[in-house]
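Student: All chains, please: the whole structure from these sequences, using the hints.
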Amino acid sequence: MDYSLYPRNDVLCIDMRSFYASVEAVKLGLDPMKALIAVVGDPNRSGSIVLAASPELKRKHGISNVSRFFELPDDPDIHIVRAHMADYLQVSVEITKLIHQYVPMEAIHQYSVDEVWVTVNGLERLFGNCWEVARKIKQEILDNFGITCSIGIGDNKFLAKVVMDLHGKKVGIAECRYEDVAKKLWPFPVEDIWGIGNRMKRNLNRMGILTLGQLAKFNPEQLKKRFGIIGEQLYWHAWGIDLSPIYGNFTKTDQKGFGHGIALLRDYHKDEVDICILDLCEEVCRRARTAEKVGKNVHLGIAYSKETGGGFSRSRSLPFPTNVTMDVYYMCKQLFQEFYDGESNIRHVYVTLDKLYDKGETQLNLFEDRSKKTDIGYVMDAIRDKYGATSILRATSYTDAGVTLDRSKKIGGHNA
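Letter by letter, the sequence shown follows residues 12 to 427 in the working numbering.
Since the hints were made in silico from the structure, they are not lab data.
None of these values were measured; they are calculated from a predicted model.
Where hints are given, some of them may not hold.
[Unchecked claim] With beta-carbon atoms standing in for the labels, derived distance ranges: (1) Pro200 <-> Lys71: 20 to 28 angstroms; (2) Glu243 <-> Val182: 48 to 56 angstroms; (3) Asp98 <-> Lys366: 33 to 41 angstroms; (4) Phe81 <-> His359: 43 to 51 angstroms; (5) Lys71 <-> Phe350: 27 to 35 angstroms; (6) Pro115 <-> Thr401: 51 to 59 angstroms; (7) Ala302 <-> Arg237: 34 to 42 angstroms; (8) His359 <-> Asp98: 22 to 30 angstroms; (9) Phe81 <-> Met12: 43 to 51 angstroms; (10) Ile240 <-> Met12: 16 to 24 angstroms; (11) Gly58 <-> Met12: 27 to 35 angstroms; (12) Gly259 <-> Glu105: 22 to 30 angstroms.
[Said to hold, decoys possible] Below are the DMTMM-like pairs computed for lysine to aspartate or glutamate, each with C-alpha atoms no more than 25 angstroms apart in a straight line: (13) Lys370 <-> Glu303; (14) Lys366 <-> Asp386; (15) Lys228 <-> Glu202; (16) Lys228 <-> Glu243; (17) Lys194 <-> Asp154; (18) Lys45 <-> Asp13; (19) Lys212 <-> Glu232; (20) Lys317 <-> Asp352; (21) Lys69 <-> Glu126; (22) Lys71 <-> Asp88; (23) Lys195 <-> Glu126; (24) Lys149 <-> Glu67; (25) Lys38 <-> Asp88; (26) Lys69 <-> Asp85; (27) Lys71 <-> Asp86; (28) Lys235 <-> Asp13; (29) Lys344 <-> Asp365; (30) Lys149 <-> Asp42; (31) Lys108 <-> Asp176; (32) Lys344 <-> Asp396; (33) Lys317 <-> Glu283; (34) Lys149 <-> Asp98; (35) Lys281 <-> Asp352; (36) Lys71 <-> Glu105; (37) Lys181 <-> Asp154; (38) Lys108 <-> Glu67; (39) Lys181 <-> Asp26; (40) Lys304 <-> Glu190.
No residue lacks a Cβ here, since even glycine has one placed at the ideal position from N, Cα and C.
Tutor: In structure tokens, the structure reads:
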């Protein structure tokens, strides 16, 4: 591979170690790296997910971020803490402000609440080389917030991210340049590489590809034929090549659809799920109206409870593009009545409006006043924008089956 053809940059990938647990440990006056902290979505539910486990809890008891509350061992030293999403978001914002002291905002790409890419090209005269910048940022985050972070350094975002995952979390700061790929990345199994999930792992393994090195030496045309453009991207990533931008506005602007789903706190029976679907349709259409979009395709996803398992995922086109809540709701009802098995309890519901168009003139209909139906939605949105998300709701949202009121108290589905 002729790496002289590809750009070289100084990119840092900074990851806060067990971020939620570290924030809670600092709030309790404990050492985030030594204390046993479990951040739980809802401690009142035995099946609630452990959103974050401190490094020591992971090491001592093998608890991971996908464990359940009931799987926590009976250890009196474990501090069980309810999640406080607003606190984590605030700390994340403050950390970004700290990084902004080193680089302009266009050089910062926030990947998640606890992970960020930073391009540090040209900082030698001010702060030293990329290693010195990384050490300074790492120490400042520790001094100001009490949180330990891991940092990867690479020629691009992919290399910085992967070397941070594979090596930085063990040693604190790690670097991988193009010339280091064969030694530092190729020996690892494909599932250890960022961007390769369980499904892709199984597909690659069936093709005899077990390590990143084997992926790099595989025929790229066969990968492209099997996986499309994703296969081609996997091949170039295996060689450490990533051409994604390192500066500028990283916000995705090409909206393909609007979706909203919820994992229900209890089993819903068929007579209750209509109310949940209506609440989800309201949120989906509100987002479409805010973006001045209409959609012509409605998708409904239903997952049954664990006792029965299964579910269905179906979509259907509307007669005309719309962002009217009841239009989408009636189509979801049709899909539910047609594909629901009639017996199973329901635990997860998802609604999507896609095949989007820009909102234009309302299509006239001789049998109904579509203009009035459309205006009602925008008036309700205006009231909510001014007085709050729950200032005006449909009556069904106040029933036990409604989900909007409970969701309004949360951030990202968890307690604020």
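Student: Sort out whether Asp42 lies within 25 angstroms of Lys149, counting only the CA atoms.
Tutor: holds (16 angstroms)
Student: Taking the CB of Ile240 and the CB of Met12, does the distance hold inside 16 to 24 angstroms?
Tutor: Because 20 angstroms falls inside the window, the suggested range holds.
Student: Taken at face value, is the distance from the CA of Glu67 to the CA of Lys149 at most 25 angstroms?
Tutor: holds (20 angstroms)
Student: Would the hint linking Lys71 and Asp86 be met if the CA-CA limit is 25 angstroms?
Tutor: holds (11 angstroms)
Student: Given the hinted pair Lys71 and Glu105, is their Cα-Cα distance within 25 angstroms?
Tutor: Distance ~31 angstroms between Lys71 and Glu105 Cα, so the pair is violated.
Student: Quick check: does the Cβ-Cβ distance between Asp98 and Lys366 fall within 33 to 41 angstroms?
Tutor: holds (39 angstroms)
Student: CA of Lys344 to CA of Asp396, is that 25 angstroms or under?
Tutor: With a Cα-Cα distance of about 28 angstroms, the restraint between Lys344 and Asp396 is violated, given a limit of 25 angstroms.
Student: Given the hint that Lys38 pairs with Asp88, does the C-alpha gap stay at or below 25 angstroms?
Tutor: holds (17 angstroms)
Student: Are the Cα positions of Lys235 and Asp13 separated by 25 angstroms at most?
Tutor: holds (21 angstroms)
Student: Taking only the CA atoms, is the gap from Lys228 to Glu202 under or equal to 25 angstroms?
Tutor: Roughly 17 angstroms between the alpha carbons, so the hint for Lys228 and Glu202 holds.
Student: With a cut-off of 25 angstroms on the C-alpha distance, tell me whether Lys304 and Glu190 pass.
Tutor: violated (47 angstroms)
Student: Has the given pair, Lys212 with Glu232, been kept, meaning a C-alpha gap of at most 25 angstroms?
Tutor: holds (19 angstroms)
Of the numbered hints listed earlier, those contradicted by the structure are 2, 4, 5, 6, 11, 17, 18, 32, 36, 38 and 40.
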